[in-house]
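Following the hints, complete the assembly by docking chain B onto the known chain A.
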Amino acid sequence: MSGIRVLVGTRKGAFILTSDGNRERWEISAPQFTGWEIYHLKGSPVDPNRLYASQTSGWFGQVIQRSDDGGKTWAPVGNEFKYDGVPGTHQWYDGTQHPWEFKRVWHLEPSLTDPDTVFAGAEDAALFRTTDGGRTWRELPALRAAKGHLWQPGAGGMGLHTILLDAARPDRIFVAISAAGVFRTDDGGATWRPANRGLKSPFELPDPDAEVGHCVHRIAAHPSRPDVLFMQKHWDVMRSDDAGDSWHEVSGNLPSDFGFPIDVHAHEPDTIYVVPIKSDSEHIPPEGKLRVYRSRTGGNEWEALTKGLPQKDCYVNVLRDAMAVDSLEPCGVYFGTTGGQVYASADSGDSWIPIVRDLPAVLSVEVQTLP
Amino acid sequence: MIRVVLPCHLRTLARADDEVRIEVGRPATQRAVLDALEARYPVLRGTIRDHATLRRRPFIRFFACSEDLSHESPDARLPEAVLTGVEPFLIVGAMAGG
Chain A
22 MSGIRVLVGT RKGAFILTSD GNRERWEISA PQFTGWEIYH LKGSPVDPNR LYASQTSGWF
82 GQVIQRSDDG GKTWAPVGNE FKYDGVPGTH QWYDGTQHPW EFKRVWHLEP SLTDPDTVFA
142 GAEDAALFRT TDGGRTWREL PALRAAKGHL WQPGAGGMGL HTILLDAARP DRIFVAISAA
202 GVFRTDDGGA TWRPANRGLK SPFELPDPDA EVGHCVHRIA AHPSRPDVLF MQKHWDVMRS
262 DDAGDSWHEV SGNLPSDFGF PIDVHAHEPD TIYVVPIKSD SEHIPPEGKL RVYRSRTGGN
322 EWEALTKGLP QKDCYVNVLR DAMAVDSLEP CGVYFGTTGG QVYASADSGD SWIPIVRDLP
382 AVLSVEVQTL P
Chain B
216 MIRVVLPCHL RTLARADDEV RIEVGRPATQ RAVLDALEAR YPVLRGTIRD HATLRRRPFI
276 RFFACSEDLS HESPDARLPE AVLTGVEPFL IVGAMAGG
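Quick mapping for you: the protein sequence lines, in order, are chains A and B. First residue of the first sequence: 22, per this note's numbering; consecutive thereafter. First residue of the second sequence: 216, per this note's numbering; consecutive thereafter.
Just so you know, these hints were derived from the structure itself, not from any lab. Backbone N, C-alpha and C fix where the C-beta goes; we use that ideal spot for every residue, glycine too. Possibly wrong hints are sitting among the right ones.
[Said to hold, decoys possible] Here are a few chain A residues that face chain B, going by a calculated C-beta distance under 8 Å:
1) G56
2) W57
3) S78
4) G79
5) G82
6) Q83
7) P97
8) N100
9) E101
10) K103
11) V107
[Unchecked claim] Derived list of chain B stretches under chain A, where covered just means 3 residues or more per stretch with a C-beta under 8 Å from a C-beta of chain A:
12) 224-234
13) 252-264
14) 275-284
15) 303-311
In isolation and in its complexed conformation, chain A is listed as follows (with noise of 0.2 Å):
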């Protein structure tokens, strides 16, 4: 019977819950790099025993971790996350211009065909990529080239937080940017241009159709149509038809289009949820009532996906690296909270249980779907 791995980073820690094909039953790992902020960990997908994880600390800064044996034990590897030449200036939030300066690795992305490969979004906002299983780490310079002088950090920080591979593409990438936008590449990172047209940012930015500046979420597209994706921006929900050319709003009846994750259906590719949150202002979801939002037309028309999941008094919030999804029949739906929980679903998201209660606050939740 298959199985299902769930890797979850916290504030003070990485955990691993694990699940037969069932998942109604989970085994939680004991805390791996424990006290240590664990912004993302993630499998590669042609071999899921071959684990990374980013480990960050304000004191003492940034470790890359690797598991050749699925997360039992693991290895430190390479944490040198040196900017390509002079690493030139963004803005800052006073208006001038600052000193690109490397923070940690939010996000990292194993290739589609090679586990050595992996590509890591930075803070300050960069892409770097390993080939040698994360010994060593180059960056991918000519995405700042793409008016990264114009790039200021969001309140979380100027982060490149979603990497977006395509399997039938593999000079294509997309990544996207707080507070900066998508970028797209076809030639393999050599060159990027922003790929942000139709979005508006009325209360962020003094041109609401900036070409780059945009506080985009999270991106997500499903790999049988990698052309039509899906953006949870920091208000508005998003679709794109032609591959970032042009975005239009599909935030429909949402009680609320700010949110941060956003993920698609394992199977169907026009179905897809989010998590809205009540603003900008109050990260807590509206009316106290945790909520998944589905739509299955591709956003428009949304319904509120509630059985399992607390309905009153409840104030936290779900980051947007923290939702994903299982390919299992039916599709297994994941997310974790800032209050510790992470929540399953075995049926697409009509219903939901709380997998692990009290784990601290989550970062990031990824899925594996093992054989």
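Then chain B, alone, in the frame of chain A:
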């Protein structure tokens, strides 16, 4: 032989004992101690000092002989009691973050 005490998280990361004893050539400075420490435990590179500038990370402190040496020049000679192994060189995670 110089005795170096690491903070808990770095002991775990380096899989080192509570106290590490390292040989350092003369002149024995803060820089020489950290160079030797990182040579023995490469995983500590970047965790105490910045990779590129080799400056102390902001929330790391260096104590010895009841003194805060954090703001001393990295090339200043360490106290005699540290050089002779009577007192350890303490690498400390600063109180920060609540």
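Evaluation of the provided hints:
Restraint check, G56 (chain A) versus chain B: the minimum CB separation of about 6 Å is within 8 Å; hint holds. The closest approach between the C-beta of W57 (chain A) and any C-beta of chain B is roughly 7 Å, which is under the 8 Å cut-off, so the hint is satisfied. At about 7 Å, the closest approach between the beta carbon of S78 (chain A) and any beta carbon in chain B falls short of 8 Å, and the interface hint on this residue holds. Given the 8 Å rule on beta carbons, the hint for G79 (chain A) holds: about 6 Å separates it from the nearest Cβ of chain B.
The restraint placing G82 (chain A) at the interface with chain B holds, with a minimum CB-CB distance near 5 Å, inside the 8 Å limit. Evaluation of the Q83 (chain A) hint against chain B yields a held restraint, the C-beta minimum of about 7 Å falling below 8 Å. Nearest Cβ of chain B to the Cβ of P97 (chain A): about 5 Å, under the 8 Å cut. The hint holds. Taken as an interface hint, N100 (chain A) checks out: its beta carbon lies about 5 Å from the nearest beta carbon of chain B, inside 8 Å.
Here the hint on E101 (chain A) is kept, as its CB sits about 5 Å from the closest CB of chain B, short of 8 Å. Because the smallest distance between the Cβ of K103 (chain A) and any Cβ of chain B comes to about 6 Å, under 8 Å, the interface hint for this residue holds. The interface hint given for V107 (chain A) is violated, since its Cβ lies 12 Å from the closest Cβ of chain B, which is over the 8 Å cut-off. Closer than 8 Å: that is the beta-carbon criterion, and the segment 224-234 of chain B has 3 residues meeting it against chain A, so the requirement of 3 holds.
For the segment 252-264 of chain B, the assignment as covered by chain A holds, since 5 residues bring a beta-carbon within under 8 Å of that chain's beta-carbons and 3 suffice. Residues of the segment 275-284 of chain B lying with their CB closer than 8 Å to a CB of chain A number 1, which falls below the three-residue condition for coverage. Only residues whose beta carbon comes within less than 8 Å of a beta carbon in chain A count, and the segment 303-311 of chain B has 3; three or more means the coverage holds.
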